[in-house]
Amino acid sequence: MIKFDDVTKIYPPDTIGLESVNLHIEKGEFVFLVGASGSGKSTFVRLLIKELEPSKGRISVGGRDLGSLRRWKVPYLRRNIGCVFQDFKLLPNKTVFNNVLYALQVTGNDSTASRRKVGEILNLVGLGHKTNNYPHELSGGEQQRVSIARAFVNHPPLLIADEPTGNLDPETSAGIMQLLYRINKTGTTVIMATHDREMVDRMRRRVIALEQGQIMRDQRRGGYAED
Amino acid sequence: MRRIRFFFGEAFRSLWRNYFMTIAAMVTVFLSMFVLGVVLVFVYNINAVLKDVEQKVEITVFLKDSATTDDISAMLDEIQAMPEVKGAQFISKEEALKRLKEDLKDHPELFEGLPKNPLPASFEVSLKDPEQASVVATRFDGRPIVDEVRYGKELAERIFRVTSVIRNISLVFIGLLGAVSILLISNTIRLSIYARRREVEIMKLVGATNWFIRWPFIIEGLAVGLVGAVTALVFVTLGTDFVMDRIRENLRFLTVPTSAVSPVQLAAILLGVGAVIGALGSGLGLRRFLNV
Numbered sequence: 001m002i003k004f005d006d007v008t009k010i011y012p013p014d015t016i017g018l019e020s021v022n023l024h025i026e027k028g029e030f031v032f033l034v035g036a037s038g039s040g041k042s043t044f045v046r047l048l049i050k051e052l053e054p055s056k057g058r059i060s061v062g063g064r065d066l067g068s069l070r071r072w073k074v075p076y077l078r079r080n081i082g083c084v085f086q087d088f089k090l091l092p093n094k095t096v097f098n099n100v101l102y103a104l105q106v107t108g109n110d111s112t113a114s115r116r117k118v119g120e121i122l123n124l125v126g127l128g129h130k131t132n133n134y135p136h137e138l139s140g141g142e143q144q145r146v147s148i149a150r151a152f153v154n155h156p157p158l159l160i161a162d163e164p165t166g167n168l169d170p171e172t173s174a175g176i177m178q179l180l181y182r183i184n185k186t187g188t189t190v191i192m193a194t195h196d197r198e199m200v201d202r203m204r205r206r207v208i209a210l211e212q213g214q215i216m217r218d219q220r221r222g223g224y225a226e227d
Numbered sequence: 001m002r003r004i005r006f007f008f009g010e011a012f013r014s015l016w017r018n019y020f021m022t023i024a025a026m027v028t029v030f031l032s033m034f035v036l037g038v039v040l041v042f043v044y045n046i047n048a049v050l051k052d053v054e055q056k057v058e059i060t061v062f063l064k065d066s067a068t069t070d071d072i073s074a075m076l077d078e079i080q081a082m083p084e085v086k087g088a089q090f091i092s093k094e095e096a097l098k099r100l101k102e103d104l105k106d107h108p109e110l111f112e113g114l115p116k117n118p119l120p121a122s123f124e125v126s127l128k129d130p131e132q133a134s135v136v137a138t139r140f141d142g143r144p145i146v147d148e149v150r151y152g153k154e155l156a157e158r159i160f161r162v163t164s165v166i167r168n169i170s171l172v173f174i175g176l177l178g179a180v181s182i183l184l185i186s187n188t189i190r191l192s193i194y195a196r197r198r199e200v201e202i203m204k205l206v207g208a209t210n211w212f213i214r215w216p217f218i219i220e221g222l223a224v225g226l227v228g229a230v231t232a233l234v235f236v237t238l239g240t241d242f243v244m245d246r247i248r249e250n251l252r253f254l255t256v257p258t259s260a261v262s263p264v265q266l267a268a269i270l271l272g273v274g275a276v277i278g279a280l281g282s283g284l285g286l287r288r289f290l291n292v
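Line by line, the protein sequences are chains A and B. So in this note's numbering the end of the first sequence lands on 227, straight run, no missing numbers. So in this note's numbering the end of the second sequence lands on 292, straight run, no missing numbers.
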């Protein structure tokens, strides 16, 4: 599904984002990306959606080499990668319903069927009663659920969550985790960057620990810290 | 079809939502198009007046009082046969006096106690090409019945010189004004896009293509440009009517054409320029924010 081949990212002039990273993530895996701020988690995520270009090395997603992917094709790559961010990144002027629908509209899907699909997924994340609210009327946890609904409405093969629980209280975070877990169960590969220690320890999934841009640990069923 | 409706919906929703920016942009377009419109009307009218003045260059051949009717009719035939001549008219002494009295009808005392008619008879010769005046005029030199030939040589040349200068200046002026309008409008639009750059970033992250993001913005720009231009058009049209009436009242000697620039032409220019600048301004203004 995802392959990093000796990937290095240096921010000019000489700040290291990632250094010589090699890794392989299989389809259907659930992977935690852990590490302190500045360890390279965000760089990793931004490289995957081709928001950044690596300084060295090759990245491939779903068998496609990102280096040779033309600029105008990037939107099509992103439609196959659902993204969830710490700050939700919802469109402030659209209702909950239209925020999720937008992800379908960009692919040219604006049919009655796609509207039904939006309704279904909002029910699934427990927001069926708030479809006509605007993002600022929702709590943080609710906003994050909207953003997960938007990321998943296309049923992408890959979902990336960059600190999705970073701004939420533990209880709400647990709900979000449940959601990601269920999404993973449908066969979608989930990569989640986090520094929520408890969560990682509880889930016992693959853990990739980054430190100063390098992989320090890659464990099948690990905890946040080394066992 | 659904997609087009979506783009228009997006555009008008955001025009409505960012109404302050919308109004700012519309006012900018309005002001630019208004000034452009006024200058256009002005230039068109000046041009029409200049053309009229140029047409007035004609030759006047003054005759000696000794000229007989036979001499006169023979010469008139001769003049009318000249290839450069468009038309020729004989003005008798009496006719000349009558015209002068007409022109000075507010001052009849000037003509009191005039012993005899002091004005000479003349031919008024109009030409197909005003610039041929000097060639035609020399043919009358030295004729026995001709007293003097006048064709306003200097005047004619000066008029031609001035008209070409005025035309060039107004062209430059229109060009500069166009450039200023484009800068001003695209800057305003860029500001409104800058305020929404986060939105654009999110759209890109969800996988929207550049054109998918761009179309609503272009439609917005188009709408802003058109509304601004239509308002300007209304004001320019009403304003010119008003001003032209004043000019006609006060400057009778200028035969100002009733409508030098057709309303359709003016509308086409202003609306066209407004729409293009609006659409281009927002299309190009967006460019910087699309590179995510």
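Treat the hints as calculated values from the structure; they're not laboratory data. Where hints are given, some of them may not hold.
[Claimed, not checked] Once the Cα atoms are required to be at most 25 Å apart in a straight line, the calculated SDA-like pairs of lysine to any residue come out as: (1) A/Lys185 / A/Lys73; (2) B/Lys105 / B/Gln89; (3) A/Lys50 / A/Ile215; (4) B/Lys93 / B/Asn117; (5) A/Lys130 / A/Glu120; (6) A/Lys50 / B/Gln89; (7) A/Lys117 / A/Asn98; (8) A/Lys50 / A/Pro13; (9) A/Lys73 / B/Arg150; (10) A/Lys56 / B/Asn291; (11) B/Lys105 / B/Lys116; (12) A/Lys94 / B/Asn210; (13) A/Lys73 / B/Ile218; (14) A/Lys3 / B/Leu205; (15) A/Lys73 / B/Leu290; (16) A/Lys27 / A/Pro13; (17) B/Lys128 / B/Ile91; (18) B/Lys86 / B/Asn117; (19) A/Lys3 / A/Glu19; (20) A/Lys50 / A/Arg116; (21) A/Lys50 / A/Leu23; (22) A/Lys94 / B/Asn291; (23) A/Lys73 / A/Glu51; (24) A/Lys50 / B/Arg196; (25) A/Lys130 / B/Glu199; (26) A/Lys50 / B/Ile213; (27) A/Lys73 / B/Met1; (28) A/Lys117 / B/Leu205; (29) A/Lys130 / B/Asn47; (30) A/Lys50 / B/Asp141; (31) A/Lys94 / B/Tyr19; (32) A/Lys117 / B/Ile91; (33) A/Lys94 / B/Arg197; (34) B/Lys101 / B/Glu124; (35) A/Lys73 / A/Pro157.
These numbers come from a predicted model, not from an experiment.
Exercise. Does the structure keep A/Lys3 and A/Glu19 at a Cα separation of 25 Å or less?
Worked result: Answer holds: A/Lys3 to A/Glu19 is near 15 Å, not above 25 Å.
Exercise. Has the given pair, A/Lys50 with B/Asp141, been kept, meaning a C-alpha gap of at most 25 Å?
Worked result: 89 Å, violated
Exercise. Under the criterion that the straight-line Cα-Cα distance not exceed 25 Å, is the pair B/Lys128, B/Ile91 satisfied?
Worked result: 20 Å, holds
For this session: Would you check the hint for B/Lys105 and B/Lys116, treating anything up to 25 Å between C-alpha atoms as holding?
Result: Holds: B/Lys105 and B/Lys116 sit about 19 Å apart, inside 25 Å.
Exercise. Straight-line Cα separation of B/Lys93 and B/Asn117 no greater than 25 Å?
Worked result: 7 Å, holds
Exercise. Holds or violated: A/Lys50 with B/Arg196, Cα cutoff 25 Å?
Worked result: This hinted pair holds, its Cα atoms lying about 22 Å apart.
Exercise. If you draw a straight line from the CA of A/Lys50 to the CA of A/Arg116, is it 25 Å or shorter?
Worked result: 31 Å, violated
For this session: Take the C-alpha atoms of A/Lys50 and A/Ile215, compute the straight-line distance between them, and say whether it is at most 25 Å.
Result: Answer holds: A/Lys50 to A/Ile215 is near 20 Å, not above 25 Å.
For this session: For the pair we were handed, A/Lys50 and B/Ile213, check the Cα-Cα distance against 25 Å.
Result: Answer holds: A/Lys50 to B/Ile213 is near 18 Å, not above 25 Å.
Problem set entry | Holds or violated: A/Lys117 to A/Asn98, with C-alpha atoms at most 25 Å apart | Distance ~12 Å between A/Lys117 and A/Asn98 Cα, so the pair holds.
For this session: For the pair supplied as a hint, A/Lys50 and A/Pro13, confirm whether the alpha-carbon distance does not exceed 25 Å.
Result: 20 Å, holds
Problem set entry | 25 Å limit on alpha-carbon distance, applied to hinted pair A/Lys50 and B/Gln89 | 85 Å, violated
Violated hints, listed in ascending order, are 1, 6, 9, 16, 18, 20, 29, 30 and 32; each of the other numbered hints is respected by the structure.
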